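These protein sequences, in sequence, are chains A and B.
FYI, the numbering for the first sequence is 2 to 624, going by our numbering.
FYI, the numbering for the second sequence is 921 to 1105, going by our numbering.
Calculated from the structure, these hints are not laboratory results.
Every value quoted in this text rests on a predicted model; they were computed, and no experiment measured them.
Where is the CB? At the ideal position from N, CA and C, for every residue including glycine.
Be aware that a few hints might be false.
Claimed, not checked - Mimicking BS3-like on lysine-lysine, the simulated pairs with C-alpha atoms at most 30 Å apart in a straight line are:
1) B:953 - A:533
2) B:953 - A:331
3) B:992 - A:331
4) A:51 - A:77
5) A:315 - B:1091
6) B:953 - A:386
Unchecked claim - With the Cβ distance kept under 8 Å, some of the chain A side facing chain B (calculated, not the full set):
7) 62
8) 222
9) 225
10) 274
11) 318
12) 382
13) 386
14) 387
15) 390
16) 393
17) 449
18) 450
19) 478
20) 481
21) 539
Chain by chain, the residues run as shown.
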Amino acid sequence: MALLQISEPGQSAAPHQHKLAAGIDLGTTNSLVASVRSGVAETLADSEGKHILPSVVHYASEGVIVGEIGLKHAVKDPLNTLSSIKRLMGRSANDLNSLGSQLPYEFVDESAGVPRIKTRRGDVSPIEVSAEILKVLKLRAEETLGGELSGVVITVPAYFDDAQRQATKDAARIAGLNLFRLLNEPTAAAVAYGLDKRNDGTIAIYDFGGGTFDISILRLNKGVFEVLATGGDSALGGDDFDRVIAQWIMGEAGIKEDASRSMMRRLMEESRRVKEALTENAQSEISIEQDEIKWAGVLTRDLLNELLAPLVRKTIAACRRTIRDAGIEKREVDEVVMVGGSTRVPLVRTLVGEFFECDPLVDIDPDKVVAIGASIQADVLAGNKPDNEMLLLDVIPLSLGIETMGGLVEHIIPRNTTIPVARAQEFTTFKDGQTALAVHVLQGERDLTEDCRSLARFELRGIPPMVAGSARIRVTYQVDADGLLSVSAREQTSGVESHIEVKPSYGLSENEIETMLRSSFDHAAQDMEMRKLREQQVEADREIEALKAALNDDGDELLSAEERTQIDKALDRLVQTRSGVDADAIKDAIENLEAVCVGYVSRRMNSNIKRALSGQKVDDVDI
Amino acid sequence: MTELSDMDISQNYFELFDIPVGFELDLSMLRRKYQELQKVTHPDRYASASEQERLLSVQKAALINDAFTTLKHPLSRAKYLLQLHGVNYDDEKNTIADGAFLMQQMELREAIASIPGTKDPYGAAAQVIEEIEKHMRGLYGFLQREFEVLIPGAPVEEMLDAIRKLQFFEKLRHEAELVESKLDD
């Protein structure tokens, strides 16, 4: 029994302090931040009322621009405008060969390690690019909530491997965020959904986003969310839909494979537009006019369905496998929840409905549901709900193993094992007098090391020389609640020990993170700059709009041609500077405009007063 | 309410969940007990606790997960029960000398290999899987009866043999499922 607490007379126990926490959905195409405020979980908007932040980072000569404004540079300046960067998280430079040809960026020529992309502001890693997006969301949350965040929950696709999770964690650190937890996106969706509906049962979360596909089967029971199995494809998403459509256009329009980067961007943009248009309409017109190519055509929904069907069928096959891994029958699935922008495509809804033989649930905004779920978990982890019963029991998506003789993989922890988990296995030496043992940590389902993802290598040294086969080396794999692995090895008879946190061979070293952290202290200043810029831009927009309305109203009547030219010039200057990133220049332009308009403004006031007074008797006016 | 420090890690898995020792087990009861324990030990409950408490919680939650997984599946449950009675199942020595059984394995393996070529591959796959599961049910039935008698009266060698055969069938079923899932590609 808990003891009753007694406070000193006149001193009451400290009131429960609400800690600020947020959930972040760091998506391939779009990112969002949400928080629980007065008991309600909701996504947070920027100063213009927009909730969705496009996951696009533009490296301009004056600074880094994230989101909508950055997106505008995609076609003009593709090399300095990075999008879909999540696809590169945790990938080695070598991995790029499978993805690289489709990416319109210039990579620094390196064969190993973290890939780096050339931009005009220097080479950047995908982790740093993601950190830029996180910084903007952090700033937005802190501005909206009015204080510093005590911590955040960031979501990752359930199918992310150890390297991809570690990369996300590093990005959070560089962005100056205290990460409570990485949470699997489908689990986050289930939380948002489960708490909303308050029902128990078995549900399937079908999460088809911009760059990844996840299917998870969960059992809900009185606040406990137990993931039974998870599966999917970490390199299949709505971007692939766009690519398939773009390829169709290229075929129809006779555009060659080696088209310019800006042409490829244009095609991808057009493909996305068509895809979205065809969710509502039966057909959509397409026209491409660029680089001497002039082509117009029509894509019907039927043909689109034909183009997309092979990709959607891949997801259905994954559903079938995952249901089996969960050890249940398809008919036991009570409900299917749709998450992610790609589930807006009608063919996806149709095929998923046919497979599960039920109408998929689409009533929570598929773009926001993940961030909302993450914010609920963040609120609990911040300690704001001490009586909350909610508990999330997640699994690892891919088996973890060790290399044994002959390049074979011995699986130590099979996939879909509930985390946290610790498993040990004993190995022995194979040579007389062997004093060291190499441990090669791998992730994946295949039997050969070359078909699995290599996570780390380390050596246990100092084993006392013994006859082959008599040393007993116990290797322990431990996976924490974030799904991150640490491995230790210990020789049992001598007690020689070695331990590593698994940092993927192509992750960032502690040194690199340090350097980036240090440069992000300089960023604190840059963040302030960013905030100042945003404020000036809002101010500029207000001025521009008000002045245009006024000029429309009585500009001709109150201004001489010369005055008008002067005002127009000052207005133009403000419009120009506003689209840049120099806050001081915008401020100057605003002041300049205000100075030029002084005469006009006072004339307007007089005329307004006159107008207000006209038709009224002097007696009625109460001054 | 249980506290983190109260948990006795020297308990066997059945004691840990406070359920009777035996092969037959109420799965929904096991799951309920498991979730109750995780509500107390899971690291998310210690998000702002001391480093030491957090480490302790990870270790205990991992132990509970392991215990749950072991008891949940009948094959690992059978091995664990034998182990509790001092009989260790050695994975290395899983050779089977039963000629009829080996013949049956070969036939099933052939049936699996021919799935993609049949007229109705999904139907053929379902049929092979059902055949495998029929054999497994028979073996589990045998284990069930023997575990009721309980060691020392139990024919330990025959039980180990049944477990070995079940491992073979598990593997076959996995292969059949793999072939079935490749039909989609």
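* Identify whether the interface hint at residue 382 of chain A stands, where standing means a beta carbon of chain B within less than 8 Å of its own. => holds (4 Å)
* Can residue 386 of chain A be said to touch chain B, with a Cβ gap under 8 Å? -> Cβ of residue 386 of chain A sits 12 Å from chain B, so the hint is violated.
* Pairwise hint evaluation, residue 331 of chain A against residue 953 of chain B, where the allowed Cα distance is 30 Å at most -> Holds, at about 26 Å.
* Could you grab the alpha-carbon distance between residue 315 of chain A and residue 1091 of chain B and see if it respects the 30 Å cut-off? => holds (25 Å)
* Is the shortest C-beta separation between residue 449 of chain A and chain B less than 8 Å? -> violated (16 Å)
* **Interface hint compliance - residue 478 of chain A to chain B, C-beta minimum distance less than 8 Å** => With a closest approach of 10 Å, the residue 478 of chain A hint is violated.
* Asked: Does the interface hint hold: is residue 481 of chain A within less than 8 Å of chain B, judged Cβ to Cβ?
  -> holds (6 Å)
* Measuring from the C-beta of residue 318 of chain A to each C-beta in chain B, is the shortest one below 8 Å? -> holds (3 Å)
* Should the interface hint for residue 393 of chain A be scored as holding, given a Cβ-Cβ cut-off of 8 Å against chain B? -> Constraint on residue 393 of chain A satisfied, holds at 7 Å.
* Asked: Holds or violated: residue 953 of chain B with residue 533 of chain A, Cα cutoff 30 Å?
  -> violated (55 Å)
* Holds or violated: is there a CB of chain B closer than 8 Å to the CB of residue 387 of chain A? -> violated (10 Å)
* Asked: Once the shortest beta carbon distance from residue 62 of chain A to chain B is found, is it less than 8 Å?
  -> Violated: closest Cβ of chain B sits about 42 Å from residue 62 of chain A, beyond 8 Å.
When the structure is compared with the earlier hints, violations turn up for hints 1, 7, 10, 13, 14, 17, 18, 19, 21 and for no others.
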